[in-house]
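Peer 1: Residue numbering for the sequence shown follows this note's numbering, beginning at 1 and increasing consecutively.
I should point out that these hints are in silico values taken from the structure, not numbers from a laboratory. Some hints could be false.
Across the chosen pairs, the derived CB separations fall in these ranges [stated by the list, open to error]: (1) 218 / 128: 49 to 59 Å; (2) 59 / 117: 25 to 35 Å; (3) 254 / 228: 34 to 44 Å; (4) 247 / 274: 36 to 46 Å; (5) 30 / 261: 48 to 58 Å; (6) 237 / 75: 47 to 57 Å; (7) 29 / 273: 19 to 29 Å; (8) 22 / 221: 14 to 24 Å; (9) 30 / 10: 29 to 39 Å; (10) 269 / 229: 18 to 28 Å; (11) 64 / 40: 30 to 40 Å.
As a list, the in silico DSS-like pairs of lysine-lysine whose alpha-carbon atoms are at most 27 Å apart [to be verified]: (12) 71 / 262; (13) 206 / 118; (14) 63 / 111; (15) 55 / 200; (16) 107 / 206; (17) 84 / 200; (18) 200 / 63.
Note that the Cβ used here is the ideal one computed from N, Cα and C, for glycine as well.
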Amino acid sequence: MKIRTKLILLLSAALIVTMVVSTWLRIHWTRQRLEEQLAQSAQDTAVAIADELVKTLRSDMDKDEMSDLLKDAERRHPGATNLKLTLFPDEETVTTFELGAGMVNPKVATKPLQAKPKTAPQRREDARRAYYDHGESTRAPGQRMVEALWRTPDKPPAGDRWPVRAVQPPPKKPVLTVNAHNEPNGARTIVEADAEIDPKGPMHGKISVSKTDELVVDMVRSEELSSVLVTGSAVAMLMLFTAFIVNRVVGRPVSLLEAAMKRVEGGMLDERVPVATHD
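All chains should be built: construct the whole structure from the sequences, respecting the hints.
Peer 2: In structure tokens form, the structure reads like this:
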């Protein structure tokens with residue numbers, strides 16, 4: 001194999017590796033940036049819907065009115081694929097409103113709330129409320145057992161005259177949790193963002209917003225196709241340009257030197273090679 005062929009192959013291989021690695025890194029960074037934008041969009045949508053529900057939700061609403069609020073939120077935020085509203089109207093039940101893609105009306109489900117083990121501060125708070133019998137905390141403990149003890153709810157109705165000492169103050173800003181998981185068939189990734197809602201009254205809950213990465217996949221696929229075309233064309237042009245440069249800078253002088261050496265071997269000892277460069 002001639003030296004010019006070796007140089008062309010080595011330089012072409014280096015160009016191909018460089019272009020492929022740079023293209024892969026660009027596509028990877030593009031995908032990562034788009035996924036971050038998708039998660040941020042899900043967060044912004046969850047916060048916006050939570051703020052709207054805090055202003056409009058009331059404890060005296062029925063399920064149809066709450067379903068209408070969720071449908072209005074979906075119309076105002078069309079980018080959300082699935083909306084799930086979880087409400088705790090009291091300490092014993094939980095109601096969910098789930099509005100998925102293609103659904104006309106939300107799917108409503110009400111079920112008993114499973115009791116969770118209470119922490120030590122919560123147990124002390126329950127004991128304090130139990131002894132706070134009708135506000136008459138000056139009575140002897142033995143006399144308090146004459147009447148049934150009562151407990152104040154964790155969040156009393158608006159306008160209740162008894163003060164509430166919460167174990168943990170409610171957050172001033174929506175608490176956000178973002179997670180991503182694949183569908184069972186592995187077709188696409190679901191990005192979910194949750195925002196807590198705390199309207200007036202005893203009711204509280206959260207809103208869950210789900211978005212798929214279908215748009216991200218389409219954009220990355222388009223980027224991959226364009227990158228293959230651009231990179232392939234660039235590599236082909238660079239290989240031709242490299243072959244021309246190697247042949248002009250290395251191949252032609254070496255060929256002249258080779259021809260002169262053969263003539264010298266044939267007895268022409270006065271043969272000279274013209275030098276056109278200083279290298």
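Peer 1: Against this structure, judge whether each hint is valid.
Peer 2: So, going through the hints one by one against the coordinates:
Between residue 218 and residue 128 the beta carbon distance is about 58 Å. The supplied range of 49 to 59 Å therefore holds. Between residue 59 and residue 117 the Cβ separation comes to about 27 Å, which falls inside the hinted range of 25 to 35 Å. Against the hinted window of 34 to 44 Å, the Cβ-Cβ separation of residue 254 and residue 228 comes to about 36 Å, which satisfies the hint. Between residue 247 and residue 274 the beta carbon distance is about 18 Å. The supplied range of 36 to 46 Å is therefore violated.
In this structure the hint that residue 30 and residue 261 lie 48 to 58 Å apart at CB holds, the actual value being about 54 Å. Evaluation of the 47 to 57 Å hint for residue 237 and residue 75 yields a pass: the beta carbon distance comes to about 51 Å. One distance hint, 19 to 29 Å for the beta-carbon pair residue 29 and residue 273, is violated here, with the actual separation near 52 Å. The hinted range of 14 to 24 Å is satisfied by residue 22 and residue 221, whose Cβ atoms lie roughly 19 Å apart.
Our hint of 29 to 39 Å for residue 30 and residue 10 holds, since their Cβ atoms are close to 31 Å apart. Under the hint 18 to 28 Å, the C-beta atoms of residue 269 and residue 229, about 57 Å apart, miss the expected range. Restraint check, residue 64 to residue 40: a C-beta distance of roughly 33 Å satisfies the suggested window 30 to 40 Å. Between residue 71 and residue 262 the CA atoms are separated by roughly 89 Å; this puts the pair beyond 27 Å, and the hint is violated.
Distance hint between residue 206 and residue 118 is fulfilled; the C-alpha atoms sit about 21 Å from each other, no more than 27 Å. With a C-alpha separation of about 14 Å, the suggested pairing of residue 63 with residue 111 holds against the 27 Å cut-off. Taking the CA atoms of residue 55 and residue 200, the gap is about 9 Å. The hint holds against a cut of 27 Å. Of the supplied pair hints, the one linking residue 107 and residue 206 holds, its CA atoms being roughly 16 Å apart against a limit of 27 Å.
A distance of roughly 20 Å separates the Cα atoms of residue 84 and residue 200; the hinted pair therefore holds under the 27 Å criterion. Distance restraint check for residue 200 and residue 63: the Cα-Cα separation of roughly 17 Å lies within the 27 Å cut-off, and the hinted pair is therefore satisfied.
Of the numbered hints given earlier, the model fails hints 4, 7, 10 and 12; all others are met.
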